[in-house]
Structures are given as C-alpha cells and as structure tokens.
Amino acid sequence: MDVAGLLRDFPELTLTGLEQGAIYALVALGYTLVYGVLKLINFAHSEVFMIGSFAALWTWQGLGFVYDAEAAPLGSFLLAVLVGVIAAAGASALTAVTIERVAYRPLRKRNAPPLAFLITAIGASFVLAEGIGVYTHRAPYGMPRLLQPEVVFQLGGWKFTNTQLIVITVTLLAMVALDQFVSRSRLGRGIRAVAQDPDTSALMGVNKDRVIFLVFLIGGLMAGVAALLWNILPIGVAKFNMGFLIGLKAFAAAVLGGIGNLRGALLGGLLLGVAENYAVGLFGTDWKDFVGFVLLVVLLMFRPTGLLGESLGRARA
Amino acid sequence: MLLEIENMTVAYGRIEALHGISLTVGEGEIVSLIGANGAGKTTTMRAISGIRPLAGGSIRFEGEDISKLRADRRVVQGIAQSPEGRGCFPGMTVVENLEMGAYTRRDKAGITADMNRVYGLFPRLAERKKQVAGTMSGGEQQMLAVGRALMARPKLLLLDEPSMGLAPMLIQQIFDIIVEINQQGVTVLLVEQNAQQALSRSHRAYVLETGRIVKSGTGQELLNDSSIKDAYLGVA
Ligand SMILES: Nc1ncnc2c1ncn2[C@@H]1O[C@H](COP(=O)(O)OP(=O)(O)O)[C@@H](O)[C@H]1O
Ligand SMILES: [Mg+2]
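Protein chains in written order, with our numbering: chain H, 1 to 317; chain V, 318 to 553.
Hints are supplied without guarantee of correctness; some may be wrong.
[Claimed, not checked] Partial list, computed: chain V residues near chain H (C-beta under 10 Å):
#, residue
1, Ile-368
2, Val-392
3, Gly-404
4, Gly-408
5, Met-409
6, Tyr-436
7, Lys-472
[As the list claims (entries may be wrong)] Now the in silico label distances, taken between C-beta atoms and shown as ranges:
#, chain 1, residue 1, chain 2, residue 2, range
8, H, Glu-130, V, Asp-424, 47 to 57 Å
9, V, Gly-343, H, Leu-300, 56 to 66 Å
10, H, Arg-186, V, Gly-355, 29 to 39 Å
11, V, Arg-434, H, Leu-245, 52 to 62 Å
12, V, Gly-402, H, Leu-245, 42 to 52 Å
13, H, Asp-2, V, Gly-402, 51 to 61 Å
Keep in mind the hints are simulated off the structure, nothing from the lab.
All residues carry an ideal CB built from backbone N, CA and C; glycine is no exception.
Here chain V stands alone, though its shape is the one from the complex (with noise of 0.2 Å):
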C-alpha cells in the first residue's frame, strides 16, 4: 500500500475531529473521501500533510511512518495536496504559482516539462500565464491549485474538494482530469461533496461520518448502497 492510515486521532484543542480512523490507498488507485460538511475530510487531508498534528494512530507512507515527518519533508517523500477552497497565492502569477509547487524540486529541465504538461491539461492557464492569481475566477483558482499540486510530481495527490465552486460544466471537466492525471501513473486521494461523481470515478471510497468511517467499498458498490444514496447522493 501506498498510504495506510491507521487509528488515526486528530483534535483541535480538547474538541477531537477525527476518532481513530483508519483507511489505505494503493498504488494507482483514486481513492475518495466522501462525507457531509464537517465530517472530518480536511482534517484528514492535513494530517496526511502533515500541517495538522496527530493525537494518535499512525500514518505510514510507503511503508516507512511519516507521521511525524514535517510538513515540506513529506512534499519532498512524493506527497503533495491541493488544498480546500482558493489555496492559490493570491499575489503571485499562475507561473510562479506552478513554480511554489515545484518549489522542493531542483531538475530545471523537468520542471519546465511538468509546467507544460499542466498547460496541456489546464490550457486556459497557459493562456493566463502572468495574470496573477488573486484575480482569475474561481474555476481558474482550482484549476491552477491542482496543477500546482502537480508540479511537486507528487506519487500521492491529495485533492481537497476540487470541484467546490465550479459551474457544473467545469465540474465534468475537473473530474475528466483528475482520471487523466491518474492514468498518467499519480494515485490520488479524493476529497467530495459532490459524491456522485467522485464515487463514479474512484476505485474505492470511504464514508465518513462526524469523524468516523462509516463505510467502505469500491466506487460502485457505494453509488448502489441505499443509504448512501439517501444520505449523500440525493436521488430517489
């Protein structure tokens, strides 16, 4: 296993978020992350980052223990996240945004390719190459954060809800791209609200619940699973 979590405790202050969970994503997979507001999600994805500290429990990458690494250590181990809402630099350009996320990274020559491999991916942003960031649209923002998570050539990316915010348009797309990069050979931890599509494009998922997993199985095993669709997927 790439990522194995195990009995994972997270708290803020004395108030616990996160009770123990336990999860595992492999080698190639896009494992998501499903759950109501509040349950929990971005808690974890820091915590795999490593910028939110463990109570207990462990997290093991590659099978070595990280859960102790600092945070620019892991990004520097193949782990890199694009975070909840508008994580760009709001004051940078796209470039030097793609740049910040090579920022642990040394090779000149890949990282000009990796630059234009997110342009190929994300072609509006090599339109936007000096706008700077803080004044792109929301979709552009999101776009830009998952191709800097890119940048890092991460094994592991953490997408943090990266739909959030977009047209529904916009929102097929994402997703076409978040399965293209996973083709490319990244395995990705998938982070949604919107449930439906996340689930219909993972190989496995987790629910989770006011800091709990509740569920496990594959993507399509939890799109037919009743309760899941009561709770998350709002279709009769």
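This is chain H alone, in the form it adopts within the complex (with noise of 0.2 Å):
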C-alpha cells in the first residue's frame, strides 16, 4: 500500500476521479430514468454508449478527420466536436428508443412479468455488442485524438486539464439542465408522476408511453454526450465490448447515488470516479476496478437504497 504515492499524487487523483466520475455519472442517468419510470434495469443501456462512440468515430472518418490535434486549429476542433456530439447523441438516443420500442414495449403491452424484462435487456445488450463486434472484426479503434491534454491553470498543487474542465463542465451544464427540465416543465412532471404512479398519471391524462419513449430518449442522449467526452480523453478507443465495463460501473454509480434519483446518479459517478483513482494511487492500476464494485457493496450493507436513496417520482429532482 502506498499511502505516500496517494498523498503525493492526490490533486490529480482526484480530478481525474471527477473527470471520469462524470462519464459515469452521465451513463448512469440512463440507468436511473428508465428504472425510475419502469422499474426495469436496462442492461442494453452500456450498448447505448458504445454505438455513440462507434458513430462519431464514423462520422469523423467519413468526414476525413485528421488524428492529430496538436496541428488543428480551434475551429476545426469545435467543428469536430460539434458533429461528433451531433453524431454519438443521435446515435445513441436512437438506439436507446429503438430498443424500447423493439424489445419492452411488446413486453409491456402483454404484461410480463419482471423476469421476461430482465433477460430481455440482458439479450439486446448481447445483441448490440455482439452486432458490433462481427461488423467491426472485434477490433479496438483509435479515436481521433482531438484535444491534446494540457494543463490550463495551476492551483497550488492542483493541476487542471484542458480535458478535465471540458468534462466537468458538461456534464454539471447537462445535469443542471436535467434537473430543471424535470422538476419545472411539463413533460418531466409527467416523468415524475409516472415514475411515482403510473395509474394516478394516467388519470391525470398522462401518456405513459410517450413517458417512457421520453426518459429513453434523454438517456440515450446523454449516453451520447458521455461516449463523445470519453472519446476525448486520453483513453479514447472504441470497441465492440467497451460499454461493459463502463454501463457496469454506470449502473454501479446509479445505485450508489440512490436508483432512480437524478443527484444520485451525479453523486455516485463522481464518487465512484475518485474512489476508483485513489486505489490507483495506493494500490496501483490492477486495483482500480476492483475497487469500486467493493466500494458498492460495503456502502449497501450501511445504506441499502443507496447515498440519496429517493426515488426519482419522490425526488424533489
């Protein structure tokens, strides 16, 4: 264990755990919508973010984009980013309806039971990743390297990176705009009254499909803008199989937050996100999944509904 590596490393420990955390943290409302309104662990929903980085990495070949950041000028790396985000939500909103719309809504209309849902996820997760993965040989592929990371501005010890402020800001723009959109307009107090009684919305003149046609919808868009930013950063490949790891630790993150309650899921991510990078830093990079699934399972033990525990109907979102 190596407390003095922790110490010494700790600011970018830390800030690389937020930046990663928000990826998580915007998967995981995914997770938490849908199970909010339907109850139903959408396992398909790491797919979701899998095809959002398969169509903006294609969209950018097709557009012929250069791998090389350190020569594109601002505008070209705006552009880039622009369609690339264009892509990877569209893309990946529409997967995410496609599925409901394919695999849950017959299930729904023939009232399955829990189980039919559940394998059913499990099956058009394989489904997605495994299409993928004949189409593409099963090979990883190179992102575009877009932004050159770099430190921007010094905090005492605190370094923070071109990548890392882009990240963060995102996704705290994409979650404030989240929670207003459920807890003012319309249409979220729709997703707020069915994730809370469906029959009781339905008397209210809700229409639970278009409810849920909703919630997939803004999660597979902000699947798309998590595989955009994690495309981004250093990491960046894409694979047939990458959304496993991540829509595991996404869903990790959901259910640490509380299921089904939009802070939670910001919460969790970046918690998740820190934890994972702090066991980089005692116990080295072999650790660094490890980690969060224990982190998940000894929190449950104290707290079984998860750090904010709402509901999202219940959530004063």
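If you follow the hints, you should be able to join the two separate chains into one complex; please do so.
Pasting the structure below:
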C-alpha cells in the first residue's frame, strides 16, 4: 500500500477521478431514469453508450478528420466536437428509443413479468454488442485525438487540464439542464408522476408510453454526450465490448447514489470515479475496477437504498 | 345521457369482478354508487377512466363509444377522477399536484382561474401551496385529490370514496363541496361507503353487490328502502 504515493498524487488522482466519474454519472442517468419510470434495469444501456462512440468515430472518419490534435486549429476542433456530439447523441438516442420500441414495449403490452424484461434487457445488450463486434471484427479503434491534454491553470498543487475542465463542465451543465427540465417543465412533471404512480398519472391524462419514450430518449442523449467526452479523454478507444465495464460502473454509480434519483447518479458517479483513482494511487492500476465494486457492496450494507435513496418520483428533483 | 354503461364486465385475471353492470349518468346529476367493501365500486371507476380494460360490454360518453379509448384521451374528452385512497403525488407540492390535474390543458389563463377556484373551494390548500403533499394530513390530501380532479375542468367528475378516513366534520364539508361543485355545472359520479350522506345528496343512486347492480332509484327512494337501511345505513 502506497500511502505516500496517494498523498503525493492526491490532486491529480482527484481530478482524474472527477473527470471519469462525471462520465459514469452521465451514463448512470440512463439507468436511473428508466428504472425510475419502469422499475427496469436496462442492461442494454451500456450498448447505447458504445454505439455513440462508434457513431462519432465513423462520422469523423467519413468526414476525413485527421488524428493530429496539435496541429488542428481551434475552429476545426470545435467543428469536430460539434459533429461528434450530434452523431454520438443522435445515434445513442436512436438506439435507446429503438430498444424500448422493439424489445420492451411489446412485453409491456402483454403485461410480462419482470423476469421477462430482465432477460430481454440482457439479450438486447448481447445482440447489440455482438452485432457491432461482428461488423468491426472485434478490433479496437483508436479515436481521433481531438485534444491534447494540457494543464490550463494551476492552483497550488492542483493542475487542471483542458479535458478535465471540459468534461466536468459539460457534465454539470447537462445535469443542471436535466434537473430543471424534470422539476419545472410539464413533461418533466409527467415523468415524475409516472415514476411515482403510473395509474394516477393516467387519470391525470399523462400518456405513459410518451413518458417512457422520453426517458429512453433523454438517457440515450446523455449516454451519447458521455461517449463523446470519453473519446476526448486520453483513453479513447472504441471497441464493441467497451460498454460492458463502463455500463457496469455507471449502473454501480446509479445504485450507489440511489437508483431512480438524478442527483444520486451524479453523486454516485463522481464518488466512484474518485474512489477508483485513489485505489490506483494506493494499490496500483490493477486494483482500479476492483475497488469500485467493493465500495458499492460495502456501502449498500449500510445504506441499502444508496446514498440519496429516494425514487425519481419522490425526488424534488 | 352523459355516461352510459351497458353490460360491462371487468376481470382481474380469471376472476370476474363485475358481471355485466349497466348504469347511466345524466348531465348535471349527482349519481351515487354504493356497496360494501369488495363489491366492485373502485373497479367500475377504474374501468370508466380506462385504467382497467373491459372484458365485455361498453362505455359511452356523450354518445360516443369510449370502451377502447386510452386513459389519457378520456381525460381530454372530459372525464376526471379522484381515485380511492391517497392518490396525491406525495413528492409534489400542492401547486404541482394541481398542475398535474391540468396536465392535458394548455390554456394558462384558464388553469390559473381554475386553481383559484379550487383554492376558493378548499381554503386549506391555499394556505399550503408549497407544502409537499406527502407531509399533509389525510383530510388535506383528500381535498387535494378532489381539487386536482377539478383542474382538468371535467364534464364528468368521478369521486371514489372522497370521505374515506376523514373526521366527521370534514365529511360534512366535503359533501357540501361536492354539491357546490355540482351546482357549478359538473356532473358527478360518486362512490361511497358512507351511504347515508351520499344518498341524501344524490339525484339517483345504484347499489352494487358482488359485481352486480341489485337496486337503483332516486336518492330519497333508496334512503327509505328498508333493505338498504338494514344493509348500508346501519340504522334501526
Ligand atoms: N388488483 C386486483 N387484483 C385482483 N383482484 C382485485 C384487484 N382489485 C380488486 N380486486 C377484486 O375485485 C373485487 C372488487 O374490488 P373493488 O372494485 O376494489 O371493490 P370496492 O371498491 O367496491 O371495495 C374484489 O373482490 C377485489 O378483491
Ligand atoms: Mg373501493
């Protein structure tokens, strides 16, 4: 155990953790929203993220963007981001909505038991991952280096990089926007109402199918944004099974924060990201994925409903 | 007739809860549906609102067959319900609950006017606009549920046991308010176990027993009916 190393690298580990955690949080939103409304763990959500990544990659390739970030002027960087985010968010949202339409809605109309939904979710996840796997020959694809990470400002020992600032800012903005939408808009109230009491919502004139469509759409958009941000990180590689680990972690983050709770997703994501990176400092990189799930299990022993523990319906979002 | 139910059958799985009931509600009326626990009153209300499918028979509203219409469309057509028990959204404030009642409407000015009308009927709610419904008393939540149904500006208001769990003084009050709402032009179908109160304020009433309508008549007729007295009014 390398306590000195953790202390030495504490600022960097924290910031990297927040950066990665922010992305977990964005993906976690999709799990939490769908769970809040349908009480369903949409395991195929990890593939929604993966497809967003490939959509951005293929769009960039199609448009002939170069891999060299250093030479690229700001204008072409912004254009690449804009194109990338439209492609990723669009493809992810479309995937999410299609999964709902093709896999879950028919089950809902037949009043299928929860187990049928569960196995369908797992099945949809496999179909999408394997489909892309076959199509891409299961190879990893390096993402265009849109941005060279560099320190943009320093506060004592805390060095903030451009990617960290972008990822964290975008995530917080997306969170605030969603929070406002859910708590203030008419459709947002509809989402909360269905999450809380579907029958009474129907008595109010809420169209449940539309609300369900909406949460898949929002979850997909957020996963697409997350996919793009993930690609901006130095890790950026697209692979057919990339969704698995991130999806699992995002799901863990959602449970950690209290599944069904939007703010819980943010809290859980950030916490998980930071904890993982402290584990890297303490025990080495190999322990990164181990620690996240130990954290989850231990926390659930003490707070079975997660940190914030309320449902989407009850949350004064 | 505003509402015509013909030979309606509703089942939960293989168990039939309503065995072909027929009833009508005319425009401007207060019609009560009384019956013991488990008779099928709530099932009837849920079927009218469309959150329970029909196994047979039909529901007509303003002459149109709505038996297959989606629940949310029925609200647009003019049917609102205050459901049995605490049907409020507990995590939402009083204002948000009322706004949920107006979910299908877009006329901002009308919604504001109706909200004030609800506050007029239930001054208690006006004092608690920002309070989260889940923290209010049972009586207050009941008022909120009734007020929320009014926010849809319905032609037909379905009230499923609005007096349940209320203190005797509040029971009087809520029945007075139901009459007042009716006098403002809203047709009311009222489900009650409190038969005495319901019958004395209703134009007409039906008695439901284990999924069948066994009697109907004007409120006064049923109040004076000896078998009704024995079974539901609990008086000698
Ligand atoms: N969700 C349900 N599943 C199965 N049976 C039900 C359900 N709801 C009601 N029932 C049955 O239907 C019958 C009528 O119930 P209900 O309409 O709630 O009666 P009431 O409102 O008059 O008390 C009862 O026998 C009840 O047990
Ligand atoms: Mg009942």
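Practice prompt. Take a look at whether the Cβ-Cβ distance between V:Gly-343 and H:Leu-300 falls inside 56 to 66 Å.
Written response: 58 Å, holds
Fill in: 29 to 39 Å as the expected CB spacing between V:Gly-355 and H:Arg-186, which holds or is violated
37 Å, holds
Worksheet item: Holds or violated: 42 to 52 Å for the Cβ distance of V:Gly-402 and H:Leu-245?
Response: Since the Cβ atoms of V:Gly-402 and H:Leu-245 sit about 44 Å apart, the hinted range of 42 to 52 Å holds.
Practice prompt. For the range 47 to 57 Å, tell me whether the beta carbons of H:Glu-130 and V:Asp-424 fit it or not.
Written response: 51 Å, holds
Discussion item. A closest beta-carbon separation below 10 Å is what the hint needs, so does V:Gly-404 meet it against chain H?
Written reply: Since the shortest Cβ distance to chain H is 5 Å, the answer is holds.
Discussion item. Less than 10 Å between beta-carbons is the criterion; does V:Gly-408 satisfy it with respect to chain H?
Written reply: This hint holds: V:Gly-408 lies near chain H, its Cβ roughly 4 Å from the closest one there, short of 10 Å.
Fill in: Interface hint outcome for V:Ile-368 [beta carbon to chain H under 10 Å]
5 Å, holds
Practice prompt. Under 10 Å, Cβ to Cβ, is where V:Tyr-436 needs to be relative to chain H, so tell me if that hint holds or is violated.
Written response: At about 19 Å, which exceeds the 10 Å cut-off, the nearest Cβ of chain H leaves the hint on V:Tyr-436 violated.
Practice prompt. Double-check V:Val-392 for me: the hint is only fine if its C-beta lies closer than 10 Å to a C-beta in chain H.
Written response: 3 Å, holds
Discussion item. Tell me if the beta carbons of V:Arg-434 and H:Leu-245 are separated by a distance inside 52 to 62 Å.
Written reply: This hint holds: roughly 56 Å between Cβ atoms.
Worksheet item: Okay, H:Asp-2 versus V:Gly-402 on CB: inside 51 to 61 Å?
Response: Holds - the Cβ-Cβ distance for H:Asp-2 and V:Gly-402, about 58 Å, lies within 51 to 61 Å.
Worksheet item: Quick one, is the V:Met-409 hint okay against chain H at 10 Å, beta carbons?
Response: The hint holds - V:Met-409 has a Cβ within 10 Å of chain H, the shortest such distance being about 7 Å.
Violation of the numbered hints given earlier is confined to hints 6, 7; the remaining hints are satisfied by the structure.
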